[in-house]
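So you can see what is in the structure, the chains are spelled out below.
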Amino acid sequence: MSYLEHTVKSTPTGYRKFLYMNWPLTLLLISVASAGFLMLYSVAGGSWRPWAEPQMERFGLGLAVMFIVALIPIWFWRSMSLLAYLGSLGLLVLVELFGTVGMGAQRWIDLGFMRLQPSELTKVTLVMVLAAYYDWLPSEKTSRPLWVLLPVLLILIPTALVLKQPDLGTAILLLAAGGGLMFLAGVHWAYFAAVIAAGVGLVTAVFKSRGTDWQLLKDYQFRRIDTFLDPSSDPLGAGYHITQSKIALGSGGWNGRGFMQGTQSRLNFLPEKHTDFIFTTLAEEFGFVGGITLLTLYGLILVFCLVTALSAKDRYSSLVTLGISLNFFLFFAVNMSMVMGLAPVVGVPLPMVSYGGSAMLVLMAAFGIVQSAHIHRPR
Amino acid sequence: MKRPAKGKGLAYKRLTRRALILGGMQFAFVGGLAARMRYMQVDQADQYRLLAEENRINIRLIPPTRGRIYDRNGQVIAQNTPSYRIVIVREDAGDVDKVIAKLARLIPLTEEEIERAKTEMRRSAPFLPVTLADQVTWEDISKIAINARALPGVTPEVGLTRQYPQYEDFAHVVGYVGPVSDYDLSQMEDPEPVLMIPRFQIGKVGLEAKKEKLLRGKAGAKRVEVNATGRVMRELDRTEGQPGADLQLSVDANLQEYTQARLAGESAAAVVIDCETGDIRAISSTPSFDPNLFVRGISVADYQALTQDKYRPLANKTVQGTYPPGSTFKMITALAALEAGVVGPGNTVYCPGYLKVGSRRFHCWKRGGHGMVDLETSLKRSCDVYYYDVALRVGIDKISDMARKFGLGVKHDLPMSAVAAGLAPNQEWKRRVHGQEWLIGDTANASIGQGFMLASPLQLAVMSARIATGRSVTPRLIRSINGVEQPSGAGEPLDVNPRNLEQVRKAMFSVSNDRRGTAYRSRIIADEYRMAGKTGTSQVRNITKAERAAGVIRNEDLPWERRDHALFVSFAPYDNPKFAVAVVVEHGGGGSTAAAPVARDVMLQALYGGTPPLEAYPVADRERIREQQKRLEGDRRPKARPSEKDRA
Chain A
1 MSYLEHTVKS TPTGYRKFLY MNWPLTLLLI SVASAGFLML YSVAGGSWRP WAEPQMERFG
61 LGLAVMFIVA LIPIWFWRSM SLLAYLGSLG LLVLVELFGT VGMGAQRWID LGFMRLQPSE
121 LTKVTLVMVL AAYYDWLPSE KTSRPLWVLL PVLLILIPTA LVLKQPDLGT AILLLAAGGG
181 LMFLAGVHWA YFAAVIAAGV GLVTAVFKSR GTDWQLLKDY QFRRIDTFLD PSSDPLGAGY
241 HITQSKIALG SGGWNGRGFM QGTQSRLNFL PEKHTDFIFT TLAEEFGFVG GITLLTLYGL
301 ILVFCLVTAL SAKDRYSSLV TLGISLNFFL FFAVNMSMVM GLAPVVGVPL PMVSYGGSAM
361 LVLMAAFGIV QSAHIHRPR
Chain X
1001 MKRPAKGKGL AYKRLTRRAL ILGGMQFAFV GGLAARMRYM QVDQADQYRL LAEENRINIR
1061 LIPPTRGRIY DRNGQVIAQN TPSYRIVIVR EDAGDVDKVI AKLARLIPLT EEEIERAKTE
1121 MRRSAPFLPV TLADQVTWED ISKIAINARA LPGVTPEVGL TRQYPQYEDF AHVVGYVGPV
1181 SDYDLSQMED PEPVLMIPRF QIGKVGLEAK KEKLLRGKAG AKRVEVNATG RVMRELDRTE
1241 GQPGADLQLS VDANLQEYTQ ARLAGESAAA VVIDCETGDI RAISSTPSFD PNLFVRGISV
1301 ADYQALTQDK YRPLANKTVQ GTYPPGSTFK MITALAALEA GVVGPGNTVY CPGYLKVGSR
1361 RFHCWKRGGH GMVDLETSLK RSCDVYYYDV ALRVGIDKIS DMARKFGLGV KHDLPMSAVA
1421 AGLAPNQEWK RRVHGQEWLI GDTANASIGQ GFMLASPLQL AVMSARIATG RSVTPRLIRS
1481 INGVEQPSGA GEPLDVNPRN LEQVRKAMFS VSNDRRGTAY RSRIIADEYR MAGKTGTSQV
1541 RNITKAERAA GVIRNEDLPW ERRDHALFVS FAPYDNPKFA VAVVVEHGGG GSTAAAPVAR
1601 DVMLQALYGG TPPLEAYPVA DRERIREQQK RLEGDRRPKA RPSEKDRA
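Here the protein sequences line up with chains A and X, keeping their order. Our numbering numbers the first residue of the first sequence as 1 and each following residue consecutively. Our numbering numbers the first residue of the second sequence as 1001 and each following residue consecutively.
Simulated from the structure, these hints should not be mistaken for lab results. If a hint is listed, it holds; no wrong ones were tucked in.
Below, simulated PhoX-like cross-link-like pairs (lysine-lysine); rule was C-alpha separation at most 20 Å, straight line:
1) X:Lys1430 <-> X:Lys1411
2) X:Lys1013 <-> A:Lys313
3) X:Lys1098 <-> X:Lys1143
4) X:Lys1210 <-> X:Lys1411
5) X:Lys1398 <-> X:Lys1430
6) A:Lys141 <-> X:Lys1013
Quick caveat: nothing in here was measured; it's all calculated off a predicted structure.
Generate coordinates for the entire structure from the input sequences, incorporating the hints supplied.
Shown next, in the form of structure tokens:
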């Protein structure tokens, strides 16, 4: 069912839109971000610089972006979906050609005032374009092979571009988010079963490829997998991060060591303590209580998104909201699994908490779309 | 689009179902994460805590060894010596106040030191060592070692600290280092982690500051395993840093020492430049200070004594002090006039003791006038009227251009603090800065190096070297970096007619070798080392009408700060210039009496590469010079000073 069949008369207009926003969701986002500021303050050794302050500025900007996106009717975003998707593909190509190399990968376009990471943008635009696609597609055609192939291509093109950067973490997230959206749209179970079977085959092939000419992953990626499987194999090299992260996290105990008292995080043993490993610091300093609080906040964000999605009566709103919340889930689930030693180190930040501008801005814009769906839902 | 509304149709139901399935899966995963967290942080917390405490692997920075600084002959100017300090770890000390009180009974600790350590401890993590006392003597260290049991958490550490074995002699050249301050960090774009090491020393002033990056080097890192008390159990691996580069200066420490000693007692500056390479052989500013005081942290009283001294020991007068060059500027006016063709070397000007410019009379220093003067006489006897006259003919802009050609009014690129550009004014400058038209009287003043004209002793030395060689000699302070020779400052030939230069040089020769020359008394009689020069006496005040009416007041009768500056510029040997020397004695009186003898002595010291034989001096002076040499020798040696701070 499309929004066109509903009377839009009952949707709020003007300043009344503010009243109809999903305020609990907004407050949740602010609290999660605040936890982030606190941790950035702590990892900088009790200083607002160099991380906490810029992060706060960007969050302020992010809030503004969210409000603006939220006030624009959801049907506008629906019609923009394809354009946004093509735009982000263009940026991905651009970054391939002119991007800045950072941490061994080509990921950014330097805009001067900030670094734009098109792969972050793609996570949202992919969800948008798939949601629009399934909104447009008559539901009885959903599982027909030809109509399945099209969204698969929509997913694979950006994934391939991101993989070439190389950014394995984001590529996996794109695949998972795209697959999840197809699942939500109602594509037949059999397709997923087939893909999983193929995936297992692929993993086997990847491991077989190691050391041959057609090696499918870079050496460092193999090493990361090795050390994930057996961290003790290289305690001073690549396994070092996982081991140290686990020690720091575990030693936090029930209550943690207290704000700014984390010994492990304070010793500079984590190379990206302000980005990928920030949860370790939080868990060390605030313990199980702190960790579970953040996890609960994240869970609540998912719940509010789910409620918004189910109360929307058009497919686009539902799908885009669910897709965004799925993305958000994948973000923090992969990051937390990584620092707890449940997944290999793939370089995925903790959403809204880790230091980083473009990831946060994109997420806030995405939540703006969720808010827009909430405000403009038919009543 | 006219699709039939399905309401709660099949597709909608399926979406809801699948959303709930996916949501359920997500929550199962979140639950799994929570369980894992609980397992690690609650069930296994003790085990991890143990791992964290007992097997703390951390990365320690290895501070790089700061590059040393040598003089041109390899004498050490700045080095690193071991120093002992006492550190305390809050976590291990238990009752910090009690431990510190115990320690204070054992070794002398100041209130200030204790306060500073306590503040630092409050700010940093409990297991990080905090420095309690720096530069501790060996005896105190042994006392602590003996009483180690009674002093938990207190450990002596050995580190390197900067030391300047030449004391006052190079304070202005090399500057000094000091611990990184919060202010220093706030000034840096992206401070290196090594700067966060408590009390890491960085260059604060002078060469130490200007070449900080080069001297500092790159920090290494080692990964160590430490036990619960923070003791290093073993080193796991290390990446070596890169020590700072060793610098060799062009300065000759012996000559520098002599120059400092010769200038002692005056507020003065002297610069010796090698004409062939631009090497700065000596660059002295007196009075000076002991840079080692600053490395330790200077006491308030000592610092006040330095800042309140009217001779300004902290100022490096050689490069940051600018003075009206006075008559030493006349060569530039002469060259501008000769080059412009407004006057020939043989042309004469009549000096009646003054020149009337408009309604104003510009006086010659000699009331009665010099009569008919040509170029050589004018320079030899320093006639002012000659220069007023030719300057008015050639105009200020050409004089200013000539000054810049000879290095006045331009900033020389030297790695020292606050290098001044001086000032060689022209019409455009006055319009821009003062918003006024250039007056003809300004030209008259500028022609004899007064008025707006300002130059540093370094610039005067460069000017002399350029006149001597006819090349644009540029000063060079660093001779080699890590043994790699730096480009020479010999320079390209100047765009000035060599014949005109020769005329000026000849005139300068007669200044100190002609019986009627102003610096005749400070001549060198050794034939192969004949010196050419020019005296200068620059006014720091305007002579009031009342004073003029009362007759000229003798300089010595004025209070010190109103006396004239004494200047002298020179080069030698005349036939084959080797060195150029510039001397400025602040408020020293006449250039011929206060500056020229110093310049001559320094020049001879440089030419002979040590104490010159008395035969180089005029016969009448030899007795006095012998006394002076003896006195200076006594001042200079031995240089044994306490190398460690007496903490008692």
